[in-house]
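8 protein chains.
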Amino acid sequence: MKRSSACAIFPSKIWDSPRWITTALCGERKTGQQVAAIFRELAQHGKNVLATRTTKEQFAAVKKKVRAAGYRDLARAIILQRDARKYGKGTIAVVSAGTSDIPVAEEAVVTAEIMGNDVEHFYDVGVAGIHRLLANREALTRARVVIVCAGMEGALPSVVGGLVGVPVIAVPTSVGYGASFKGLTALLGMLNSCASNVSVVNIDNGFGAGYVASLINRLP
Amino acid sequence: MKRSSACAIFPSKIWDSPRWITTALCGERKTGQQVAAIFRELAQHGKNVLATRTTKEQFAAVKKKVRAAGYRDLARAIILQRDARKYGKGTIAVVSAGTSDIPVAEEAVVTAEIMGNDVEHFYDVGVAGIHRLLANREALTRARVVIVCAGMEGALPSVVGGLVGVPVIAVPTSVGYGASFKGLTALLGMLNSCASNVSVVNIDNGFGAGYVASLINRLP
Amino acid sequence: MKRSSACAIFPSKIWDSPRWITTALCGERKTGQQVAAIFRELAQHGKNVLATRTTKEQFAAVKKKVRAAGYRDLARAIILQRDARKYGKGTIAVVSAGTSDIPVAEEAVVTAEIMGNDVEHFYDVGVAGIHRLLANREALTRARVVIVCAGMEGALPSVVGGLVGVPVIAVPTSVGYGASFKGLTALLGMLNSCASNVSVVNIDNGFGAGYVASLINRLP
Amino acid sequence: MKRSSACAIFPSKIWDSPRWITTALCGERKTGQQVAAIFRELAQHGKNVLATRTTKEQFAAVKKKVRAAGYRDLARAIILQRDARKYGKGTIAVVSAGTSDIPVAEEAVVTAEIMGNDVEHFYDVGVAGIHRLLANREALTRARVVIVCAGMEGALPSVVGGLVGVPVIAVPTSVGYGASFKGLTALLGMLNSCASNVSVVNIDNGFGAGYVASLINRLP
Amino acid sequence: MKRSSACAIFPSKIWDSPRWITTALCGERKTGQQVAAIFRELAQHGKNVLATRTTKEQFAAVKKKVRAAGYRDLARAIILQRDARKYGKGTIAVVSAGTSDIPVAEEAVVTAEIMGNDVEHFYDVGVAGIHRLLANREALTRARVVIVCAGMEGALPSVVGGLVGVPVIAVPTSVGYGASFKGLTALLGMLNSCASNVSVVNIDNGFGAGYVASLINRLP
Amino acid sequence: MKRSSACAIFPSKIWDSPRWITTALCGERKTGQQVAAIFRELAQHGKNVLATRTTKEQFAAVKKKVRAAGYRDLARAIILQRDARKYGKGTIAVVSAGTSDIPVAEEAVVTAEIMGNDVEHFYDVGVAGIHRLLANREALTRARVVIVCAGMEGALPSVVGGLVGVPVIAVPTSVGYGASFKGLTALLGMLNSCASNVSVVNIDNGFGAGYVASLINRLP
Amino acid sequence: MKRSSACAIFPSKIWDSPRWITTALCGERKTGQQVAAIFRELAQHGKNVLATRTTKEQFAAVKKKVRAAGYRDLARAIILQRDARKYGKGTIAVVSAGTSDIPVAEEAVVTAEIMGNDVEHFYDVGVAGIHRLLANREALTRARVVIVCAGMEGALPSVVGGLVGVPVIAVPTSVGYGASFKGLTALLGMLNSCASNVSVVNIDNGFGAGYVASLINRLP
Amino acid sequence: MKRSSACAIFPSKIWDSPRWITTALCGERKTGQQVAAIFRELAQHGKNVLATRTTKEQFAAVKKKVRAAGYRDLARAIILQRDARKYGKGTIAVVSAGTSDIPVAEEAVVTAEIMGNDVEHFYDVGVAGIHRLLANREALTRARVVIVCAGMEGALPSVVGGLVGVPVIAVPTSVGYGASFKGLTALLGMLNSCASNVSVVNIDNGFGAGYVASLINRLP
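Residue numbers (the numbering used here), protein chains in the order written: chain E, 14 to 233; chain S, 14 to 233; chain H, 14 to 233; chain L, 14 to 233; chain X, 14 to 233; chain A, 14 to 233; chain F, 14 to 233; chain W, 14 to 233.
Hints are supplied without guarantee of correctness; some may be wrong.
[To be verified] Simulated pairs of lysine-lysine, DSSO-like, Cα-Cα distance not exceeding 30 Å:
1. A:K102 with E:K99
2. S:K99 with H:K102
3. S:K69 with S:K195
4. H:K78 with H:K99
5. F:K69 with X:K69
6. S:K69 with S:K99
[What the hints assert, rightly or not] Listed below are several chain F residues computed to face chain X (Cβ distance under 7 Å; list not exhaustive):
7. N215
8. I216
9. D217
Honestly, the hints are just simulated from the structure, not real lab data. As the structure is a prediction and not an experimental result, all values here were calculated from the model. All residues carry an ideal CB built from backbone N, CA and C; glycine is no exception.
Just chain E, same shape as in the assembly (with noise of 0.2 Å):
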């Protein structure tokens, strides 16, 4: 497979690399029609298109001129599958902490079933009720990479990483109020956990985090 290209999480970022399968663009900041038409510009490399951070709207404007595209309610995110393979050599695992992180739970689902992996996702598994949470372990051991998102104080990424011996990307999430600062206590938090085997992407992206537990997955 020959090096494609794909806008990256903002408009007209391109990369480039070997064997990819899938192109993303981001709607946030552009109307319906920019995103329609960069959709369709993608779509005609004939890999699968993801468009992250989209409405209804956007979608509107985009099954006018892609009609195979499909929208994902839940990651708010509207996608073009043409090649479903598993490229992926586990399973990844999403967990998050409350209904509120589910948005970007989601977004980081969609990435890596679009990059063509196997996802398994444990929601509503919040520190305060840890007995969710275990009642998952046997689960969670399963998976080659795993995801964590959550708001508020973030401490869920620290004890997943405490049960399992993989990789953990952890998603810190805007959710929550006054000393929250809109996703930056959730962000320090994860920085600062206990368990070593954790790494951070930026506040709700999830986008990223399902790209990197993609690429770490598909390692031969």
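Since the structure of chain E is already known, use the hints to place chains S, H, L, X, A, F and W on it.
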């Protein structure tokens, strides 16, 4: 018992509170002579005396003037205990995450003890090794109030808060490096705890946590 | 009473606590339909139900599904009260500095009340008019635990803390402008209180303060 | 009196102001030799001289060159007083919260005194023991301008501001630990004072407060 | 004149001060009805009334209840002036840097005027065009106290402070973008002024500056 | 291999992970005696032992108790290597920007090596001399995972991330001055990387980066 | 050419500079009427006029009063060009990282052009696709001064700075999300650039960069 | 002149730039031996050599290896000057606010001089004594580029920027205390300068300012 007086955590702050058995002072930014002078003055009230954030040099100076004074190394506290009766109704649990958090936890312990409480401590039960904490769940639920000390990401109070049905006093510690910002990250994490039974005191303020816990524990 | 469950201040956080009479949810970032659905589900446990940070529109949606639900305007809370017995041993005092702090104070009041406490409130007793606070000193000292809500410089908990011998829960509010930084200044002030009996919850977290105070007040 | 000149709080800042009786310099980041040289130069104007933030070593160096110079220990100030007439119309009150705030308060006192004012000080009247402050209410209301120095939560100016009907100059001090952030918390608190008669100077800037208060007090 | 009462800048803050001729309230976060109700209540004291941070809609509501009320557009203030005597001993100068700073400056002007002062204003004299400021030097030095309003880098108080020998009240404004951080940069700059006669109030607090300046100007 | 245990980067944090060959501890805030005692205890598990952030004095104390221990100067690490088999599937590349970043890079190198990986390093390839980095492009693309250490503006991970198709672990270092804020600027830059394959660990956390990279590299 | 005058980036800031051919104003926080009035006034000086940060509505208002005015969409600028001579000695290069940075870059372009410079732009050459930047190296080195606009991590000026031997003006943009903090991260990164030929202007200040570059380019 | 190479402000950063006459290194965090070794290596290129942020001890070590090296005390710089030709077209003015800013200003001076420029300096011309600055207006306007160093509120570049029609490079210094936050306040102030001809370098980065100014001054 009539209202006694005591210096609070900074010099010359006198608190007046009915049924008080202990007076306290803070040794920070004071010479050995100054600590010794204040300590002797407080000792003249005939109550217990507690001096926090003190050095061995300050203790030596105190010892010369108040023979019966003792030193609690881990807590860095000088104490004079005359009234050893229990005023607390139940047990105060003191939980800490890592070895480096122990001095702050011990300051809470000695404060609670000298104010007439039974204290049980649970150290090195950080969230990255959740089984160590869970192994103590039974014991934790017996406490009437719980103090939790943690640095780095400060996640422990959220997990403990979910395990017990009593008030939890969270103490962020300055343990960590880089983006821990000397305890700020732990402080913010604790303020955003998803466990609703958590309230927070200042960074490294083991004294304050022991004090509040004592007030709670002696409520009739 | 067996362990009931309730959504905490953010969606899908369930707390499990013995002898619990109230379940709660947070309306923020939810549609009327979502709040109504969760509220009805919680109502099926046969306990009291509390929904904080709700709008009148959300209440209208709830009202259609749960006839007995009521709305507390000032507190912006939807309530369903079935068990009106008193579980608290004494009175919880709720003190606030200015008129703009009242919504947060009322959230604390309604939380404490629905959890089975007698509540007495003292509003508009800010520190710049200290005589108004002092006029209530007698009444304040009768409380078993005190909640203090203040924005701007957040000085009130320190003064109240010096007047009473019981635990004080401080709630910074986002009231202010310019360098109040949406409650950060009040939060920092309260964490640095020179009164040792003060612990702090998140900005505008009246629910958390009412919750912690209730746990303290019902200690046997 | 013609315009004299004086170094302000940092070296080589000369102020020119009619009817000025005092010249000043700041000793910070200067060797004893440098302080002595500047002090002698200022002394040649025949006015009072004030050097703030100085050490005893710097004073020793000054003393060799300017025999009549004296040292104010608590204020860490070197002074040379030639003109002792009173230029202020009334009294300047200097209020401070805790013992650790006294050096900053004393810097304000010595500045106000050497600029020709009667000064009355009220120390250790922090808000957690409000009765100590109120005991001085009578005396406070006699002042023509009030300086208030406080660290930690910086609440004192709000309370004092509510007690008097004259301008209050608030000086945040770096006293505190953890979330006091070296005076930042006190500074923010004072800027958000709910008392409208409060204005603020930089952290630990006792000199600036004494200076502004002197300007106010000598207004005809 | 007996002590009148007035709401300070936030609702329900009552100040009690001898010889007061004006009562005030803040319109922010209030409905027209609420402002009108408080305004009428204050008007019953027979003094001047000032409502800051108000809209034309709020004024319309006030006007229905208090016929004699007027609106100062630039200052966004509703006023009711009954006592027009001068209580200030001299003139208050109000200086501002740019056009966008004028609303804050006007709030200071209207506050000072309704409290019985002569006010002279100097607008659009920012430091990047220093000749415009210097052209007014003569006039500036005649003032008894100077208020300086500036956003962006907040440099103007330092320059003005060096030109006059009287107290300067600096008001940072939220004018600017990017790294002005809504007035924080101007605030910090003013607190670090190298002119010693500068003290500072909160961001956009024209009322506070006018208030403090009035207290200074009416000192006997 | 059964689960061994090891102290993580702070004292008393034990990790339990299947197939683990190395145990580790952090020397910071410990005496030589303490490090030596823990090191010997860990050595009794028969695995490799790694002590990071240690001094030569601490090494001397360890050497007395564990003869076979060695010291890696640049990495400031004490090591005991018994199992030298390669567990990693490919090569880990460690890239750093400037000479001052080398200690952090070396901590990553020694961690990866003692955990059974081949490591190739590329130092002094900062972005201001982009040709030096590009000269190594060929070699970089052979790595299975890349660690990038940089201080100051922290731009290097973005450039490296664009050159390779594998996961990049970014380590901000505290190298810089002024507005580098001890690594905060580099940390923020890396979290905002426009390259989607970058995840981040704490400031100066070479150990964490080496640890995560090892987990990735040994994935089957 | 005599000194003309022009409003700088905020209203009423007039600059006076010999040989000036352009006057400018900033449309932010102004009504269409206000912009039109100032624009017409500036136009009466007979020079070029530039209004930045304007909307199409503001342009419509200007167009009614100044027929010859034109609108530059991408730059959001209203211009009136009368003097089209070249005053710059060489070419100004404007480089930007992503599509979202283009409005800021275009503001720099239009500023430089209306001040009499030849401008060459290089867009979408972000550091994650370094080959696109390097493909323009030859062209870049021909510029006499280079402006670089970038958001997110703000790494581009460091790389460009290493490629050219002339002054680089870096403009952080507010492009990004989460920990980009509205351009603060890019700003800090640029201030810490390891390329020594970089100086920085405020976030999104394309006008300032174009202005400084013009001053440099017209140096004799 | 062919491209020479030189270490930039941090070790091992080599810049390659045509027509370069000077190579430089930064002494911070280096032993005397390390500085001496690098200095000698750079000296072998036959160009001028500049080592900034050095101590007298480091100079002594250099002196032993490179006899012709000299030390500039105020600038804390070691220099080796072989090529003394003037490459700059005009004069670079270096302006500073207070005595404490002089070391940073001198670093800019020595950098500009060794790169072949005529430099004129104007010290102690802070904005609080504006007449001292204005007295030099004539001389300032003769410069081809101006460097302005200031700490505290950092207001000087705005005033200077308004006086001259050439590029101004602003250097915030770490001079100040309290809310100066080690130069952050000055940095923010300069970035928000209302003078449009100002660009900014890192705190205390006199070298960078001298470097950029030299690039500007030698433009043909």
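A quick look at each hint next to the structure:
The straight-line distance between the Cα atoms of K102 (chain A) and K99 (chain E) is roughly 21 Å, inside the 30 Å bound, and the hint therefore holds. At most 30 Å may separate the alpha-carbon atoms for a hinted pair to count; K99 (chain S) and K102 (chain H) meet this at roughly 21 Å. With a C-alpha separation of about 24 Å, the suggested pair K69 (chain S) and K195 (chain S) falls inside the 30 Å cut-off, and the hint holds. Simply put, K78 (chain H) and K99 (chain H) have alpha-carbon atoms about 28 Å apart, close enough for the 30 Å limit, and the pair holds.
Taking the CA atoms of K69 (chain F) and K69 (chain X), the gap is near 27 Å; set against the 30 Å cutoff, the hint holds. A threshold of 30 Å between alpha carbons decides the hint, and for K69 (chain S) with K99 (chain S) the separation of about 28 Å falls inside it, so the pair holds. Interface restraint check for N215 (chain F): the shortest CB-CB distance to chain X comes to about 4 Å, inside 7 Å, so the restraint holds. This hint holds: I216 (chain F) has a C-beta 3 Å from the nearest C-beta of chain X, less than the 7 Å allowed.
For D217 (chain F), the interface hint holds, since its Cβ comes within 7 Å of a Cβ in chain X; the closest pair sits about 6 Å apart.
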